[in-house]
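Asker: Chains as they are written, first to last, in the UniProt record's numbering: chain A, 1 to 348; chain B, 1 to 313.
Hint data in this document are derived by calculation from the structure and do not stem from the laboratory. Heads up, some of the hints might be wrong.
As the list claims (entries may be wrong) - Under the rule of at most 20 Å between Cα atoms (straight-line distance), these lysine to any residue pairs were calculated in the SDA-like manner:
{"hint": "1", "chain 1": "A", "residue 1": "K100", "chain 2": "B", "residue 2": "S222"}
{"hint": "2", "chain 1": "A", "residue 1": "K160", "chain 2": "A", "residue 2": "H85"}
{"hint": "3", "chain 1": "B", "residue 1": "K124", "chain 2": "A", "residue 2": "A81"}
{"hint": "4", "chain 1": "A", "residue 1": "K104", "chain 2": "B", "residue 2": "V63"}
{"hint": "5", "chain 1": "A", "residue 1": "K104", "chain 2": "B", "residue 2": "P86"}
{"hint": "6", "chain 1": "B", "residue 1": "K124", "chain 2": "A", "residue 2": "P82"}
{"hint": "7", "chain 1": "B", "residue 1": "K124", "chain 2": "A", "residue 2": "H85"}
{"hint": "8", "chain 1": "A", "residue 1": "K104", "chain 2": "A", "residue 2": "E90"}
{"hint": "9", "chain 1": "B", "residue 1": "K124", "chain 2": "A", "residue 2": "A84"}
{"hint": "10", "chain 1": "A", "residue 1": "K152", "chain 2": "A", "residue 2": "P166"}
{"hint": "11", "chain 1": "B", "residue 1": "K124", "chain 2": "A", "residue 2": "P166"}
{"hint": "12", "chain 1": "B", "residue 1": "K124", "chain 2": "A", "residue 2": "D224"}
{"hint": "13", "chain 1": "A", "residue 1": "K104", "chain 2": "B", "residue 2": "I19"}
{"hint": "14", "chain 1": "B", "residue 1": "K124", "chain 2": "A", "residue 2": "Q214"}
{"hint": "15", "chain 1": "B", "residue 1": "K124", "chain 2": "A", "residue 2": "L222"}
{"hint": "16", "chain 1": "B", "residue 1": "K124", "chain 2": "A", "residue 2": "L79"}
{"hint": "17", "chain 1": "A", "residue 1": "K152", "chain 2": "A", "residue 2": "A165"}
{"hint": "18", "chain 1": "A", "residue 1": "K104", "chain 2": "B", "residue 2": "V17"}
{"hint": "19", "chain 1": "A", "residue 1": "K160", "chain 2": "A", "residue 2": "D172"}
{"hint": "20", "chain 1": "A", "residue 1": "K152", "chain 2": "A", "residue 2": "D133"}
{"hint": "21", "chain 1": "A", "residue 1": "K104", "chain 2": "A", "residue 2": "D39"}
{"hint": "22", "chain 1": "A", "residue 1": "K160", "chain 2": "A", "residue 2": "L106"}
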Amino acid sequence: MASIQAGVNDIDDLDDRQTGGKADAVAEIRNLQVGFRTDQGSFNVLDGVSFTVRSGRTLCLVGESGCGKSVTALSIMGLLAPTAHIGRGEILLEGTDILKLDRKGLNERRGDRMAMIFQEPMTSLNPVFTIGDQITEGILRHRQVGRADAHKRAVEMLRKVRIPAPEQRMTDYPHQLSGGMRQRVMIAMALANDPRLLIADEPTTALDVTIQAQILELIRTLQDDTGTAVLLITHDLGVVAEVGDDVAVMYAGRIVEQAAVTDLFADPQHPYTLGLLSSIPRLDADLGPLPTIRGSVPAPSEMPAGCRFSTRCPFADDHCRTEEPPLAEIATGHKVACWKAPLEENAA
Amino acid sequence: MLAFMARRLAVSIPTLVLISLLVFSLQLLLPGDPALAIAGDERTPEMLAFIREKYHLNDPIVVQYWYWLTGVLSGDMGISIRSQMPVTELILTKLPVTLQLGIMAMIIALAIGIPAGIISAVRKGSAWDVGANVVALSGISIPNFWLGIMLIMLVSVQWGLLPASGYTSPLEDPVRNIQTMIMPAFVLGTGIAAIMMRHTRSSMLSSLQADYVRTARAKGLSERIVVLRHAFRNALIPVVTLGTLQLGELLSGAVLTEQIFTIPGFGKLIVDAVFNRDYAVVQGVVLFTGTAFILMNLLADMLYFLLNPRLRA
Numbered sequence: 001m002a003s004i005q006a007g008v009n010d011i012d013d014l015d016d017r018q019t020g021g022k023a024d025a026v027a028e029i030r031n032l033q034v035g036f037r038t039d040q041g042s043f044n045v046l047d048g049v050s051f052t053v054r055s056g057r058t059l060c061l062v063g064e065s066g067c068g069k070s071v072t073a074l075s076i077m078g079l080l081a082p083t084a085h086i087g088r089g090e091i092l093l094e095g096t097d098i099l100k101l102d103r104k105g106l107n108e109r110r111g112d113r114m115a116m117i118f119q120e121p122m123t124s125l126n127p128v129f130t131i132g133d134q135i136t137e138g139i140l141r142h143r144q145v146g147r148a149d150a151h152k153r154a155v156e157m158l159r160k161v162r163i164p165a166p167e168q169r170m171t172d173y174p175h176q177l178s179g180g181m182r183q184r185v186m187i188a189m190a191l192a193n194d195p196r197l198l199i200a201d202e203p204t205t206a207l208d209v210t211i212q213a214q215i216l217e218l219i220r221t222l223q224d225d226t227g228t229a230v231l232l233i234t235h236d237l238g239v240v241a242e243v244g245d246d247v248a249v250m251y252a253g254r255i256v257e258q259a260a261v262t263d264l265f266a267d268p269q270h271p272y273t274l275g276l277l278s279s280i281p282r283l284d285a286d287l288g289p290l291p292t293i294r295g296s297v298p299a300p301s302e303m304p305a306g307c308r309f310s311t312r313c314p315f316a317d318d319h320c321r322t323e324e325p326p327l328a329e330i331a332t333g334h335k336v337a338c339w340k341a342p343l344e345e346n347a348a
Numbered sequence: 001m002l003a004f005m006a007r008r009l010a011v012s013i014p015t016l017v018l019i020s021l022l023v024f025s026l027q028l029l030l031p032g033d034p035a036l037a038i039a040g041d042e043r044t045p046e047m048l049a050f051i052r053e054k055y056h057l058n059d060p061i062v063v064q065y066w067y068w069l070t071g072v073l074s075g076d077m078g079i080s081i082r083s084q085m086p087v088t089e090l091i092l093t094k095l096p097v098t099l100q101l102g103i104m105a106m107i108i109a110l111a112i113g114i115p116a117g118i119i120s121a122v123r124k125g126s127a128w129d130v131g132a133n134v135v136a137l138s139g140i141s142i143p144n145f146w147l148g149i150m151l152i153m154l155v156s157v158q159w160g161l162l163p164a165s166g167y168t169s170p171l172e173d174p175v176r177n178i179q180t181m182i183m184p185a186f187v188l189g190t191g192i193a194a195i196m197m198r199h200t201r202s203s204m205l206s207s208l209q210a211d212y213v214r215t216a217r218a219k220g221l222s223e224r225i226v227v228l229r230h231a232f233r234n235a236l237i238p239v240v241t242l243g244t245l246q247l248g249e250l251l252s253g254a255v256l257t258e259q260i261f262t263i264p265g266f267g268k269l270i271v272d273a274v275f276n277r278d279y280a281v282v283q284g285v286v287l288f289t290g291t292a293f294i295l296m297n298l299l300a301d302m303l304y305f306l307l308n309p310r311l312r313a
């Protein structure tokens, strides 16, 4: 395990050297391990997750439900449930390891340097306060401004997220707004203090398809204005293709493939990524029944030795089942954790 | 808001009518002839006939109800056959006592129950939580009369700190008044505090799990603000309703506690009236406390309405 870890870090360094000129790293997650204590014992749900989110770019974290995407996001925000514990790893936000900060230090950064929007706009706003109060609260917490200025800033943010008649909406309660509008309010609230990192955890999953596109477009536009780094969590590869710059595919608590979005779609290397891509329905051809990945994600208590995808992988052999493949670079900026990669050469 | 209140008030009227019917029929259900009770020992047939005529006891029940209801509505609830005092006056002299006892008990209940509920929800599973739950369970389980007697034995008899019983009007001697009222208020208050604590705890536990609490934490707010502003404001809604209804119950008089501490409130008034077959007083007190309870319900709805913006839409 130690040697594999060293390998991963080397690759990270290499990656930094190669892309260092492109954009600053806003958040760097290094070798993050998160476990949950349950009555049946303690299980790792994240195992050595590493990635970097860069200024002005959108990194999409993709994977099935339960693969650890949300746990990753919540770890960064320090919002994990009390039953979770971070075993090891580093979460560097603008160079500071936030795992080493006390609660005060963390609270100074949450809602200021980093912010998050959630999957459920219907329940993420407090029903007993007006949206104006809820936006200004965050501004007053982090900025040395008076109520009037905070109010002005909140109205400005509502205008930015294209809420009609923003001044009037300030006194509305959440229940008076639709799901799409509430998500816009959440975005306004998250971006009110110009965070360097915005984490969006499935921000459009609970919304209508037409609203989904609007919200994604909105996040993209605001990002272009501010240069915020975005970590977008989704299970929808369509969303990745639309708004992602980079993508990390997660499976069972590990990153199995990482690349620029165009590279991943053009040349997917991990069998799991291949499976995900081939299970997207297409309208232009009748390919018969939609291909699926056989089996299901192993429970944290039943993780196989070696590659965690080996129980479902059509190419798996004894090597895969005994030794864990490292996340290795197979082309510039394209990393895969698979013994068979590149698939064209190695898989029969 | 006004439309809501008007609607809510309209719904209360049938309830009030029902209470008045029940209260009125009490005298029909109770054993014994009121004419005999009023006449006392000089019960000549002429005397009984006169009494029956005077109090409309010979009229049909519906007519009797009508006489009674119009009287009540004009503030005349009849005369106590024992003390020969108007029932309205009796109620008005006892009301301040019960009101004071009820409010003091409620303050004690809130001051103990709500902080204890919040702490045990925030520190769920800790020694604090377990301790608060044990105390709360004891508070619910221990009968008021037992706690009252124990307190009298300990605080008054053993330590001699407070008077064991009796009542002094606050206008006469405010300090003495508090001294006599604090123990019964405490006895009543702790029982309610236990209920309030349990409700605050479960209400807080569910609101601490809510997504909006996670949002508040994501804003970088301190845990104190997250708990007290975001979680508690929501948890408060059902607790306020419960508290108001409990206050309504307190106003109907704490029969046992008032007996033990010989506090001359509604509880004592109604017990004495029942034993004396003083129907007019029983009716008056039940009608009054029933109405008070309905008003408290109305107040609970109003507070619920004010605290919950979703209803205001």
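Asker: Starting from the hint list further up, note which numbers the structure goes against and sort them upward.
Answerer: 2, 4, 5, 11, 12, 13, 14, 15, 18, 21, 22
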